[in-house]
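Asker: Sequence:
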Amino acid sequence: MTVELARRLLASRSIVARELESALLESVRTRTALVRVLMSRGARVAKAVERELTRTLVPFVARPEVDRNLVQKLPPGFVERMLAIPLGRDRRTGVVDVACVDPSDRHLGRELAHQLESPVRLYRTSLSELLLAVDRWLDERDATVPSTGRTPAFGTRVARHRSVPPARLSLPPPVERVEPPPEEEPAPASSPIPLVRRPPVADRTRRRTNPGVGTKDRAELPFEHDEQGEPVIELFRSKPPPAPAPSQPVRIVGAPEATFEQALEALSAAPGPESVAELLAEGATSAASLAIVLAVRPAVYEGRAASRGVPRSGAIRSLRVPAGLASAFDTAAHSGRYLGALPDDAVHGPVRSLLGSDEVYLCPVVVSGRPVLLLALSGMPTSFEATRRADALAAGAGERLEAILRSKKKNRRNN
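Heads up: the sequence shown runs through residues 128 to 542, numbered per this note's numbering.
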C-alpha cells in the first residue's frame, strides 16, 4: 500500500475520500495491492490512477522479465502483494534494478533493499505487463515441479493450472412414473362462448378494384444501377488494409558491451571538456544508434558533439534550442531525465530532424549539483538497457568534468 498515491489522488480530486477509504479497507482485508483494488473500481477511477502513475519521471520498462535468482530471495507472495519484480543486478555497481507499478512508494524501495541486501534502482512498468511477467515466471517455475496423483504434504509446492479430472458419475436408472387416469369433467350446463365468430355472409359481392400498383411494366434494371441509370454505392464491407511492414531492428556497430566499457575508461582520462563531450557522444552508441550532446546554458541549449550516424553531424556546433519554454530539454535538465517522443513543434524541430521521430532519452550531466551537458539518445533497441548505460556514461562524464574543474582551480591557486 502506498500513501503517496492516495495523497495525489485526493489532491487531484479524481477520487473522493469515501471511495479511497473503501479501497483501503478492501486492500487490507483481501491482502491485495491498493493499485489493483483501485483499477477494479471502474473506468473513471482506473483512468485517474493511470494518469497519476504516468506523471512520475522514473524510466519506463515496456516488457519486464523476472530474474529467477533474485526473486528467490523475496518472501512468498511479496511480488503479488507489492507489485514489484527484480530485473537483474548491475555487475559494475551491484545495484539491483526493480520494475514496479508505483515507484513513488518509499517503503517499497527500503523493503526491497532489505530483502535483497543491496541497493535498488526502481523503474516503472504497467500493471498488465507486470502481471504477465509474473505469470511467465510462475509457469516456468511450475514446469519443473513433478506432478503426482497423490495429495501433497502440507507446505509442498505444487504446479498451478493442474487438477485431477473429475470422476464420471453414471446416471441412475430411469424410474417409471404411473399416473392415474384423467378424471372426466362433467359437461357444462350451457355451450361455451366461441372466441372467433364467422363474418356474416354478404348479400352482394364486392366490386372488384384495381389500385394500379405494380401493373405498369418496367424494364429490369441491373443491381449496380438505379432507375436513372446512376451507379449504386456498394454496400458490402471492404477488406481491411494490410498491416504495415515491421520495422527493421536497430543495428549497433561493434560489440555494445565492449564499446560501453571502453567509453567509461576513456571518459575517466579525458584531457578537457571538449573531449568529454565527444567521448560521451561516441560512447552512447553502445546504447543507441544516434546520440548528440548539448551544452546547458541559462537561455539556450547549444550543440557540442554528435555520433557518427547522426545526419549533418558536422554542423552540430550551429544547433541552438531555446531554454525556458517547458520543453523536453527543460524537463530533463531540471527533473533528471526524459523518456518519450519529441513533440513536432518549432522548439523540438531542430533536434527531431537529427534524431528522428522515434522514442528518445534525455539525461543531464551534473557537475556540483548543476546540469552542464545534456545527452540525447535515439534508436534504442531496449529502453531498459539503453537508459541504464546512458545514466552510467552521464555519471562518468560528470565525475571527469568535476576533476578537470578542481585541477584548474588548483593550478590557479599555485600560479
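If you are wondering where the hints come from, they were derived from the structure by calculation, not from laboratory data. Any given hint could turn out to be false.
Here are the simulated lysine to any residue pairs, SDA-like style, with alpha carbons at most 25 Å apart [to be verified]: (1) 200 with 269; (2) 174 with 194; (3) 535 with 442.
Label-pair restraints from in silico Cβ distances [claimed, not checked]: (4) 262 with 219: 40 to 48 Å; (5) 389 with 137: 46 to 54 Å; (6) 535 with 256: 28 to 36 Å; (7) 395 with 246: 21 to 29 Å; (8) 182 with 439: 32 to 40 Å; (9) 146 with 447: 43 to 51 Å; (10) 536 with 220: 38 to 46 Å; (11) 395 with 509: 20 to 28 Å; (12) 156 with 389: 28 to 36 Å; (13) 208 with 447: 46 to 54 Å; (14) 438 with 539: 20 to 28 Å; (15) 167 with 131: 29 to 37 Å; (16) 439 with 131: 38 to 46 Å.
Glycine residues also receive a C-beta, built at the ideal position from the N, C-alpha and C atoms.
Asker: Hints first: check each against the structure and report whether it holds.
Answerer: Evaluation of the provided hints:
no.	hint	result
1	200 with 269	holds, 18 Å
2	174 with 194	violated, 30 Å
3	535 with 442	violated, 30 Å
4	262 with 219: 40 to 48 Å	violated, 31 Å
5	389 with 137: 46 to 54 Å	holds, 50 Å
6	535 with 256: 28 to 36 Å	violated, 48 Å
7	395 with 246: 21 to 29 Å	holds, 22 Å
8	182 with 439: 32 to 40 Å	holds, 35 Å
9	146 with 447: 43 to 51 Å	holds, 49 Å
10	536 with 220: 38 to 46 Å	violated, 29 Å
11	395 with 509: 20 to 28 Å	holds, 26 Å
12	156 with 389: 28 to 36 Å	violated, 55 Å
13	208 with 447: 46 to 54 Å	holds, 51 Å
14	438 with 539: 20 to 28 Å	violated, 41 Å
15	167 with 131: 29 to 37 Å	violated, 20 Å
16	439 with 131: 38 to 46 Å	holds, 44 Å
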